[in-house]
Every structure is written in structure tokens, then in C-alpha cells.
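Engineer: In case you want the letters, here they are:
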Amino acid sequence: MAATPTREVARRVFAQEFNDASYTFKESDDERAPVYVLLPTGERANRVFLVGTLTETEDVGEDSEYWQGRVVDPNGDTFFMYAGQYQPDAASMLRELEPPAYVAVVGKPRTYETDEGEVNVSVRPESISQVDEATRDRWVVETAERTLDRMQAFEDAEGGEMDEYVQMATEQYDLPVENYRRAAVGALESLEDQQRESAPTEQ
Amino acid sequence: MTDLHTPATEIHEQFDDQLDLSVDEIEERLETLVNEYKVPLSEARRSVVNTYLDEAGMERDQLSGGGGNEEVDIADIDAPEEWVDVTGKVVELWDATADAVAQVGLIGDETGTIKFTKWSKSDLPELEEGTVYSLRNVVTDEYQGRFSIKLNRTTTIEELDEDLEVGDDAVEVEGALVDIQSGSGLIKRCPEEDCTRVLQNGRCNEHGEVEGEFDLRIKGVLDDGEEVTEVIFNEEATEELTGISLAEGKEMAMDALDTTVVADEMRQKVLGRYYKVTGPTLGRYVLANEQERLDGPVDAEAMLIKARSI
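Chains as they are written, first to last, in the numbering used here: chain U, 1 to 203; chain E, 1001 to 1310.
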């Protein structure tokens, strides 16, 4: 049987942690080897799946269309995405969608360094689809769970035998992972508030 | 020369509590049947066991497992190189690709199915599709994470006069549908008998240019953030998932003079949503028998308690 390259899993991460994931690496010297960003909680990500509120779209291209989309998570943190001629489906979604709208995005993390030497992290979307609130809510709870799992593994590793990517995160970043637990709590709290508001009041 | 000592020892163990027998005496009986009368070992074994059953005044189902093997459910086979007994129905026989293999196929019980291989040199009776057998002394094996059983020269095969419902060893996967792969939507299949290959530009790999028959399917990817699973939805499942029937799909393609509009429309309806899919696995795919959109309320509170407790 021919060796089919295994498809990369789509990580779940809130925008705050994603935007902090400025360190990228490859697992091999092969030119076509996948590029990973290193999540500060100690996991590699070559693909992400996110659901949030599309708040703004703008064609920032000079010669040809190049669409920027801003997708906000429940903490108010923003995922930035860029789609041009090589992502025609995603670009046409950004052209056509009317913000605000809930969208689900599958995409690849990309980083670039600004003139000031700061590293910006964004998403190059493979697909964008408009979804409902139920899907958004499920993503929030799922992403909180995955974030907490990574945190737990990160903290368990300290002192004990260290996972490769946890080790890498402690070397590359000086970021307290506690921030990401707070992001998970914040996202869940905002979901609860929203559920309470929409629930029928008892007599 | 067939080894008769092993089955003789097993029979000896089975009657150990009831009859005062020696292994040699059992072996001798087997030898007469097998070597003199050319009876297959399984039949010889059956005959000898029956003789002793009569002698002891026992019923067949009072017999202990024999040989010390455990009778296992097929779904519970999860380690290689274990000697086990299984009872199952031959679901499918495949063409043996090597001379060393007498028969190869799929055998199943209520819990699931497993591949079996019967070696030519083991000199065992022919198994038939749709028949239930009790197989004693088979060895489990593993290849790339998939288990199988091997019938060998010490295996005894007993045909049972009963039927059983073979379980479909369905798996359940949950996740977000993150991709719809090429070859999804409105497709054309080869109309040749037993072919059903999907046509590429009107051509079948086997039969060349043919007048294809339309079908609907989705090859999708479910991703839960930890693992990815490729899922195939057939026509019925695709319609349930997308609300687009084969007739509607054909109409859409006709209006647009393009079949790809069907997959595009499907993408908009299902990508990014969460689903739970149940079905058997085929290679790396799960074949969707049942699918459910996960759009009910989620329990934020339980997760919040967990998040605060860390």
C-alpha cells in the first residue's frame, strides 16, 4: 500500500493563545515538510479549526484581491485571516459574507515578521462556512476542553518526563500558561451568561 | 504426518474429570480414523469425542473448553499470538493470492468480524460461506494494527447446525466536518456488472469509456482536535446530511451544465458543523450507517467547574 501522508489534525485554540504562537518549525529538512506553529501550551499545530463572529472583511490587496477577515472569539480576541487568488473559495466567502456572522474556519497557521520585528500570527483559510450559534457554542466548550487538556499535560510535565513540545514551549516562550486557563474560563463564562439570558425566566 | 498428540491431549483434558482415559489410547483411536480410514481430523475428533460422551453419559455442551483455550468474542481479539477458540459464521471468502493459503476470508460473530487465513499445508476441511463453525485452537495475528486469526494444523473445525447474526463492529466518531474531498457530490459510476468504480472524466479504470450512472456521495473528514477520521456517506446518508436528493443533484448540475456545483452546495451546508457518525470501518474509512448533527445545547457549566478547579 502506498504511504498516504496522514492528514494533520485541526487544533482547537482560542485567539489569545493562537496569536502568541509565534515560533514556527519543521520536523524534517524536506522542503515540502509541513510547517508547525508551536502553541505556548506545548502542542504543535499545522492546522486549526475555529468558530467565531466574523466582524469585518476588507480587500487589502493592491494589484489583485486579497481579503482580510477578522473573526472574534468570546473573549473579544481576534483571529486574522487572509485569502487571495490561491484560496478562491475562502476569498469569495469573505467577499460575499455580511458581518456580523458566525463562521467556521479551517485553515493553516501562518506567521510573518513586521518591520518592527514583531511576529504576527494569522490563518490562511482552506474553507470558510457560515454556521449557527449552536455550532459556535460547541466549539467554545470543545476548545476550552482541549486547552485545559494541554495545560494539564504542560503542568504534569514540569518536574517529570517532559513531552517534546512542552519542552520546546518552555524553551521558546516566556509566557505563563495560566493566561490560557483564564481565556478558557472567560470564554465559558460568556457562554453561560448568554445561555442564561436566552433561557426562559422561571415564574 | 498429522500431529494427533495435541488433539488427543485436548480430548483427554475434556474428559479428565469423567473418564479414566490415557492420552495414548485417545491418540490410537484418532490414528485409526485418520490414518487408516482417511477421515479428516475434525471429523475423527468429533467421532472420538462422541464415543466418550456416550461412555460418560454426557451431553456435548457439558464439555469444558478443552485445550485450555478461552472461547473469545471476535471483537475482543486485541493481541497477537494468542491461542483462542472462536465460533463464527463465514461472511465472505476471498481469492487466495498465494499458494500457501488454502482459504482466506472474513468470519464474524455477534460482536464483529475478523479476517481468517487457512494454510494449505494444514490440510483442513473446506469452509463454506454462510456456515457457522466452531474453530478450536486458532492463533491471533496482527498486521498494521488490524487483527486476524490463523487456522493451523492443530485447529479443529466443527460445522454447527445453527445461524448467528453477525455484528457489524461499528465504530462511533464525533467531530467537526473539516473537509469534503474530491470525488464527492454528484459522481458517475461504471455501469458494468459488479464494477461500480467511480469514473474519472467519463472513463472507468477497468472498462474504459462508459456511459456512467449518477450517484451521490460525500468523502468527508471528521476532526475532533485530537484525531481525524475519513468518512464515506452513501447516497442515502448524503441526502440526509445535505437535504439534496439524487434527483435534485442532477437537476442542479443540469441547470449549471456542471456537476461540481452539487459538491459546492454541499460544502456550504455541512462544512464546519459537528456530527456523530456510526458505521463499520473499511480500510481507513468509516462507512456512515447513521449520522446525527450535533446541534443541541452544550454543557458549559461542567467545563467551567473543571477550568476553575485547575
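Some clues are possibly wrong.
Taking lysine-lysine and the DSSO-like style, the derived pairs with C-alpha atoms no more than 30 angstroms apart in a straight line are [what the hints assert, rightly or not]:
hint, chain 1, residue 1, chain 2, residue 2
1, U, Lys108, E, Lys1269
2, E, Lys1219, U, Lys108
3, E, Lys1188, E, Lys1250
4, E, Lys1150, U, Lys108
A short, non-exhaustive set of chain E residues, derived as facing chain U with CB atoms under 8 angstroms [what the hints assert, rightly or not]:
hint, residue
5, Thr1032
6, Ala1176
7, Ile1310
Counterexamples of contact, computed for chain E against chain U with all Cβ distances above 10 angstroms [said to hold, decoys possible]:
hint, residue
8, Lys1038
9, Arg1046
10, Glu1081
11, Trp1119
12, Ser1148
13, Gln1200
14, Asp1224
15, Glu1230
16, Glu1239
17, Ala1256
18, Gln1268
19, Thr1278
None of these hints come from the bench; they were simulated from the model. Here the structure is a predicted model, which is why all the values come from computation and not from measurement. Glycine included, each C-beta is placed from N, C-alpha and C at the ideal position.
Engineer: It remains to establish, for every hint, whether it holds in the given structure.
Structural biologist: Here is what the structure says about each hint:
Between Lys108 (chain U) and Lys1269 (chain E) the CA atoms are separated by roughly 22 angstroms; this keeps the pair inside 30 angstroms, and the hint holds. In summary, the hint linking Lys1219 (chain E) to Lys108 (chain U) is supported, as the alpha carbons are separated by about 21 angstroms, within the 30 angstroms threshold. Distance check on the hinted pair: Lys1188 (chain E) and Lys1250 (chain E) sit about 11 angstroms apart at the alpha-carbon level, within 30 angstroms; holds. Note on Lys1150 (chain E) and Lys108 (chain U): the hinted pairing is violated, with a Cα-Cα distance of about 45 angstroms set against a maximum of 30 angstroms.
Annotation: interface hint on Thr1032 (chain E) violated; nearest CB of chain U at approximately 49 angstroms, more than 8 angstroms. Look at Ala1176 (chain E): its Cβ gets to within about 6 angstroms of chain U, closer than 8 angstroms, so that hint holds up. This hint holds: Ile1310 (chain E) has a C-beta 6 angstroms from the nearest C-beta of chain U, less than the 8 angstroms allowed. At the 10 angstroms boundary, the C-beta of Lys1038 (chain E) stays outside the reach of chain U, the nearest C-beta of that chain being 42 angstroms off.
With a cut of 10 angstroms on Cβ distances, Arg1046 (chain E) stays outside the contact zone with chain U, its closest approach being about 41 angstroms. No beta-carbon of chain U is positioned within 10 angstroms of the beta-carbon of Glu1081 (chain E); the least distance is around 23 angstroms. Every beta carbon of chain U lies more than 10 angstroms from that of Trp1119 (chain E), the smallest distance being close to 23 angstroms; the non-interface claim holds. Separation of Ser1148 (chain E) from chain U is adequate, the least Cβ-Cβ distance of about 16 angstroms exceeding the 10 angstroms criterion.
The beta carbon of Gln1200 (chain E) sits about 17 angstroms from the closest Cβ of chain U, which is more than 10 angstroms, so the claim that it is off the interface holds. Listed as outside the interface, Asp1224 (chain E) is inconsistent with that label: its C-beta sits roughly 8 angstroms from the nearest C-beta of chain U, within the 10 angstroms cut-off. Listed as outside the interface, Glu1230 (chain E) is inconsistent with that label: its C-beta sits roughly 8 angstroms from the nearest C-beta of chain U, within the 10 angstroms cut-off. For Glu1239 (chain E), the requirement that its beta carbon stay farther than 10 angstroms from each beta carbon of chain U is met, with the minimum near 19 angstroms.
The beta carbon of Ala1256 (chain E) sits about 16 angstroms from the closest Cβ of chain U, which is more than 10 angstroms, so the claim that it is off the interface holds. For Gln1268 (chain E), the shortest C-beta to C-beta distance to chain U comes to about 6 angstroms, within the 10 angstroms cut-off, and the non-interface label is violated. With a closest Cβ-Cβ approach of about 19 angstroms to chain U, Thr1278 (chain E) is found to remain outside the 10 angstroms limit, as its non-interface label requires.
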